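Q: Starting from the given sequences, assemble the full structure and let the hints guide the process.
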Amino acid sequence: MNEFLLVFRGEYQAMPQGDPEEWRAMAKKWQDWIGGIAAQNKWVAAGQQLSPEGKVVRTNGVITDGPYTEIKETLIGYCTVRAESLENAAELAKGCPILTVGGNVEVREISAS
Amino acid sequence: MIEQQELIPYLYRTEYRKIVSVLCRHFGFDQIETAEDIAGDTFLAASETWALKGVPPNPAAWLYHVAKNKARNYLYRHALFENKIFPGLQSTAPGSYQEEIDLSPQNINDSQLQMMFAVCHPAISQEAQIGLSLRILCGFGIEEIAAAFLTNKETINKRLYRAKEKLRQEKIKIELPGPAEIDRRLEAAIAYWHTQKSDTQEKWENILQLYNQLLQIEYSPVAALNRTYALSKANGKEEAIVEAEKLNLAGNHFYYTLLGELYTGLNNRKAKQYFQKARSLAKTRADRQAIQKKIDRL
Numbered sequence: 100m101n102e103f104l105l106v107f108r109g110e111y112q113a114m115p116q117g118d119p120e121e122w123r124a125m126a127k128k129w130q131d132w133i134g135g136i137a138a139q140n141k142w143v144a145a146g147q148q149l150s151p152e153g154k155v156v157r158t159n160g161v162i163t164d165g166p167y168t169e170i171k172e173t174l175i176g177y178c179t180v181r182a183e184s185l186e187n188a189a190e191l192a193k194g195c196p197i198l199t200v201g202g203n204v205e206v207r208e209i210s211a212s
Numbered sequence: 060m061i062e063q064q065e066l067i068p069y070l071y072r073t074e075y076r077k078i079v080s081v082l083c084r085h086f087g088f089d090q091i092e093t094a095e096d097i098a099g100d101t102f103l104a105a106s107e108t109w110a111l112k113g114v115p116p117n118p119a120a121w122l123y124h125v126a127k128n129k130a131r132n133y134l135y136r137h138a139l140f141e142n143k144i145f146p147g148l149q150s151t152a153p154g155s156y157q158e159e160i161d162l163s164p165q166n167i168n169d170s171q172l173q174m175m176f177a178v179c180h181p182a183i184s185q186e187a188q189i190g191l192s193l194r195i196l197c198g199f200g201i202e203e204i205a206a207a208f209l210t211n212k213e214t215i216n217k218r219l220y221r222a223k224e225k226l227r228q229e230k231i232k233i234e235l236p237g238p239a240e241i242d243r244r245l246e247a248a249i250a251y252w253h254t255q256k257s258d259t260q261e262k263w264e265n266i267l268q269l270y271n272q273l274l275q276i277e278y279s280p281v282a283a284l285n286r287t288y289a290l291s292k293a294n295g296k297e298e299a300i301v302e303a304e305k306l307n308l309a310g311n312h313f314y315y316t317l318l319g320e321l322y323t324g325l326n327n328r329k330a331k332q333y334f335q336k337a338r339s340l341a342k343t344r345a346d347r348q349a350i351q352k353k354i355d356r357l
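Residue numbers (the numbering used here), protein chains in the order written: chain A, 100 to 212; chain Z, 60 to 357.
What the hints contain is simulated information worked out from the structure, not anything from laboratory work.
Note that this is a predicted model, so its numbers are computed, not measured.
Do not take every clue at face value.
[Stated by the list, open to error] Here are the simulated DSS-like cross-link-like pairs (lysine-lysine), alpha carbons at most 30 Å apart as the crow flies:
no.	chain 1	residue 1	chain 2	residue 2
1	Z	Lys262	Z	Lys127
2	A	Lys128	Z	Lys292
3	Z	Lys296	A	Lys193
4	Z	Lys217	A	Lys127
5	A	Lys128	Z	Lys296
6	Z	Lys305	A	Lys127
7	A	Lys128	Z	Lys329
8	Z	Lys353	Z	Lys336
9	Z	Lys256	Z	Lys217
10	Z	Lys262	A	Lys128
11	A	Lys127	Z	Lys256
12	Z	Lys336	A	Lys127
13	Z	Lys256	Z	Lys212
14	Z	Lys262	A	Lys127
15	A	Lys193	Z	Lys305
16	Z	Lys212	A	Lys193
17	Z	Lys296	A	Lys127
18	A	Lys128	Z	Lys212
[What the hints assert, rightly or not] A few chain Z residues facing chain A, derived, Cβ under 7 Å:
no.	residue
19	Thr93
20	Tyr220
21	Val281
Glycine residues also receive a C-beta, built at the ideal position from the N, C-alpha and C atoms.
A: Now the structure itself:
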């Protein structure tokens, strides 16, 4: 089996904001999804936490405030999993809770060195 | 509708540990006695006030409100004492009286998890670990713990006192330990929840989340099966069946037994097929007989 990177994209505004019940329900969804992958012995590692603020550096020294909040494709987080194929890895991603709040998951195979 | 005289012991079981855990996280573990005093005073206030004015509409929120105020008053007096008696002395207490005690669900959960690790620390004896867990995490009274250990109040009080002293000396901070140690602690925490006899949503949700964490650190087929069982209790059988079918533990008779259990009551034909498969794989006669019983009960 190979390792695959899962990149979660979405909107920070779509995540639960103040309500503790909403927050707890969402946290449970994430933990249950990850636990399900781990139970299949396919979990490798969680990504590091990212702060919502960011910057984008472009050519000619131009620096703008990021992330790309207007495109709703803000990088929210990432993780790595094991799977037999890209298709199977994508199947694992189907359960990701980011999908319930209008986000998406990009799946990329990590090349063996 | 729970009667008022039953309500406070009931709330004590569930809310005492939450308040103590949050206060310990805020003040530091070396202030555990203070945290317990504040929590105890809060319940005392509840029993006095509610007897006169009736039970408030949201009893847990009332308790948190009073605990926050008592904690703030304690910190204020502590700061006042240090400033008046020892002016210029830097307070070493982690929380100042201006900081709000955070009794949100998230902080309660985090604090309780940290408290579980702190009280199950290997520096103290197993009996002391259990005693502390029962007292701080379960909210059991000293008499009940004494009865469980077949001993008396004085022994339990001494044991708990020595355990807390030990933890203070070892300067145990309420922090999450490193990944290597977490395994053992998670298993202890899971075992602890299994000692809760009643089948509550809270119990199974906690066990599920502990297994979710354990599996991320270290996979094992047993943990995967147990996690799936806890999932069936917490989230329902349908979801657990979907997850179980992904486990791919062919050749493992416990796997087929679990599937049989999950299908029991939902699709007894499938349940029987899985139990029969399990029976054919079972290695001992005792196991085969146990599975046969499940088939007979369908």
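Q: Of the hints given before, which are not true for this structure?
A: 4, 12, 16, 18, 19, 20 and 21
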